[in-house]
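Guided by the hints, dock chain B onto chain A, whose structure is given.
There are 2 protein chains.
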Amino acid sequence: MLSAMSEPKAENLTWHIGEVDRDARATAYGHRGAVLWLTGLSGSGKSTIGHRVERMLIDRGAFAYVLDGDNIRHGLNKNLGFSAADREENIRRIGEVAKLFTSAGIVNLTAFISPYRADRDNARALQPNSFIEVHIAPTIAVCEERDPKGLYKKARAGQIKGFTGIDDPYEAPAKPELVLDTGALSIGECAQAVVDLLRKRGVIA
Amino acid sequence: MLSAMSEPKAENLTWHIGEVDRDARATAYGHRGAVLWLTGLSGSGKSTIGHRVERMLIDRGAFAYVLDGDNIRHGLNKNLGFSAADREENIRRIGEVAKLFTSAGIVNLTAFISPYRADRDNARALQPNSFIEVHIAPTIAVCEERDPKGLYKKARAGQIKGFTGIDDPYEAPAKPELVLDTGALSIGECAQAVVDLLRKRGVIA
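Sequence order for the protein chains is A and B. With the numbering used here, the residue at position 153 of the first sequence is 153, and numbering never jumps. With the numbering used here, the residue at position 123 of the second sequence is 328, and numbering never jumps.
What the hints contain is simulated information worked out from the structure, not anything from laboratory work. Please read these numbers as outputs of a predicted model, since none were measured by experiment. Among the clues, some could well be false.
Over 10 Å on every C-beta distance to chain B, these chain A residues come out as not near it, computed from the model [said to hold, decoys possible]:
#1 L67
#2 S103
#3 G165
#4 P173
#5 A205
With a cut-off of at most 25 Å between alpha-carbon atoms, the simulated DMTMM-like pairs for lysine to aspartate or glutamate come out as follows [what the hints assert, rightly or not]:
#6 K358/B <-> E189/A
#7 K149/A <-> E294/B
#8 K78/A <-> E224/B
#9 K354/B <-> D21/A
#10 K283/B <-> E189/A
#11 K175/A <-> E189/A
#12 K354/B <-> E19/A
Just so it is clear, CB atoms sit at the ideal spot from N, CA and C, and this is done for glycine as well.
Bound conformation, chain A alone (with noise of 0.2 Å):
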């Protein structure tokens, strides 16, 4: 048995034979790491969704997890406010933990508006081989019926202000992996072909 004392280079090099490399994880695993970038207005389906796909993964004996607001928003993000700066470094916050949970192996969802091409495009580079764009693309109408927590009838009423889709823009997906349509589609439908997608990948068996 080596002591750590007498061998301060080959503790240099044992930090290296002991990382776990990504194909040794993967196989480790039974599947890769990949980042579903969920995008889309508020009401559209996104958390839904990404849920929905989180426990079919696990009901198929991979790892997933699903970044949204409820623990993004209230922890690693709850000293940024809406400001065009905070907004951005959100995004770039969360396309930094979405690596890492790529790194380590685990089929990663993020749930979150992002509205802005640049943002995204800046998430998709921190991994371009493992970063799958999902629009999540009812009609705003469609989210304005919804309106699960009376957002549209605020921002309609002027008491919220730079709402995506009512005084924000939302700049959609040029060419996202997949695009669904929750209007048409039920959730079950649409997590199917998320599901489907990722075997197509390769990122599950």
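This is chain B only, laid out in the frame that chain A set:
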């Protein structure tokens, strides 16, 4: 099959039904999530031990991931410097990311000097039942003799200011869950002690 469009209220319900709770995740994965917070001087062996434990856990079929300078400083925290406020924010973000990994059911290991007790206690407060503080505690003489990156030499020469242990304090944990003297124990012995502790605490089987 349900139609998303016709069930705005049911969709809210589905959100909650869809969520995978901590127990269901632990059952599916065969272990719980937890953070091993490795703290200690530069050169103490945090990353080396972290990566060795990571490999041992993955070999056992568990899901593990090391957060360290390599994947944090050039990514999530690349917009932070070394001012007092930035150092605090550095550890705050790491604590929040560790919490996300724990929520995802991963045994995560953080390998940062994290010299200030208040910062570590804040990280602990985010997940008190899943926080395992491991003090990697060889003497500073051992660390300085190893000096794998030549940093102690530079600090002694005054080329680096505010270096932990030289001209900046290291506040040792008051009640760590484990203390490992890498000057006396081998890397393998240290890593095994960590794995044994995880078993004893019921994190892994």
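Hints, verified against the model:
no.	hint	result
1	L67	violated (7 Å)
2	S103	violated (7 Å)
3	G165	holds (16 Å)
4	P173	holds (20 Å)
5	A205	holds (17 Å)
6	K358/B <-> E189/A	violated (61 Å)
7	K149/A <-> E294/B	violated (32 Å)
8	K78/A <-> E224/B	holds (22 Å)
9	K354/B <-> D21/A	holds (23 Å)
10	K283/B <-> E189/A	violated (40 Å)
11	K175/A <-> E189/A	holds (21 Å)
12	K354/B <-> E19/A	holds (18 Å)
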